[in-house]
Amino acid sequence: MFASLHFLLLMFYFPLGQTSLPLVINTWPFKSATAAAWRSLQSGGSVLDAVQEGCARCEIEQCDGTVGFGGSPDETGETTLDAMIMNGNTMEVGAVADLRRIKNAIGVARAVMERTEHTMLVGESASVFAENMGFVAEDLTTNQSLNVFSQWLKGNCQPNYRKNVSPDPSKSCGPYGPEAMHSWCNGERHVNIHSHDTIGMIAIDKNGHVAAGTSTNGLSHKVPGRVGDSPIIGAGAYADGSAGAAAATGDGDLMMRFLPSYLAVELMRNGADPSAACKSAISRIKRHYSDFFGAIICANTTGHYGAACNKVPSLTEFHFMVENSESNTPVLKSVACF
177 MFASLHFLLL MFYFPLGQTS LPLVINTWPF KSATAAAWRS LQSGGSVLDA
227 VQEGCARCEI EQCDGTVGFG GSPDETGETT LDAMIMNGNT MEVGAVADLR
277 RIKNAIGVAR AVMERTEHTM LVGESASVFA ENMGFVAEDL TTNQSLNVFS
327 QWLKGNCQPN YRKNVSPDPS KSCGPYGPEA MHSWCNGERH VNIHSHDTIG
377 MIAIDKNGHV AAGTSTNGLS HKVPGRVGDS PIIGAGAYAD GSAGAAAATG
427 DGDLMMRFLP SYLAVELMRN GADPSAACKS AISRIKRHYS DFFGAIICAN
477 TTGHYGAACN KVPSLTEFHF MVENSESNTP VLKSVACF
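With our numbering, the residue at position 163 of the sequence shown is 339, and numbering never jumps.
It is worth saying that the hints were derived from the structure and are not from the lab.
Just so it is clear, the structure is predicted and the values come from calculations on it, not from any experiment.
Label-pair ranges, simulated between beta-carbon atoms: (1) 343 with 290: 45 to 55 Å; (2) 253 with 309: 22 to 32 Å; (3) 356 with 332: 16 to 26 Å; (4) 447 with 351: 46 to 56 Å; (5) 318 with 356: 33 to 43 Å; (6) 327 with 508: 27 to 37 Å; (7) 290 with 464: 33 to 43 Å.
Every residue, glycine too, gets a C-beta built ideally from N, C-alpha and C.
Take these sequences, add in the hints, and give me the full structure.
In structure tokens, the structure reads:
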């Protein structure tokens, strides 16, 4: 009977599906990224090393066309990158946005953290900084991204993200000028699951040190200069060594308004389990934008993890990757959206 009681107590503190340290968890079925981060931890690398290696793997492999070079061309056909990395034990952060010519965005983000007193660099200046730090300048355009851009132009630049402009953005490529403000939106928001597959990654070592990071090439056909949630601290990701970490993916223009990653970490700090924290963060956004496209992963410093997503026609189940000392291999997990 004592054994049974002991088992029930263990179940209470360590629910099934929740696992031990060390831990790597990332958004979407990006298995190679998970494996790269895990190898880094197992070979003695820090949690920052693990997050950087994992995100960099996705940048190299162009995960689903939404991370790294050659994807998500903007209105001019250019691919630009956003990335962020955060040390949850020192609360240091490095981020880059609208980065051009440099393939290793997560590496530049870490350089911002370790080689400047700043937190974020953007645009051409971020690219110049990267080149000065020894990163190689390369063309981020590929035949595939050129084809995507060409087909978009042939289709009268649909979809695009303009509103209250002239000529009518639903029928024309512009150039645009302002028009009288007649509505908050020109029509339905365009949701494409393959336009939002940011990699968000969390790594926690056996001592509970935690880091989080993101990397993305942003939103296809975005207005040049657009920055989404990925490099924004507390939106795309957040880490705190006293609580845990979270990373989000989805419609960054909406999600960044609610700092879902920060909210989830604060909820875990106050005692919420990771699954509940993730769900609460999604619910906060859902109250204002019921049809938004988005998901979030959460992990606390004891190695428990969870995820949540908003249910829309293009996202009824969210897939994410986990590797820890129990699996010792990347494992695909899923959660039903609500």
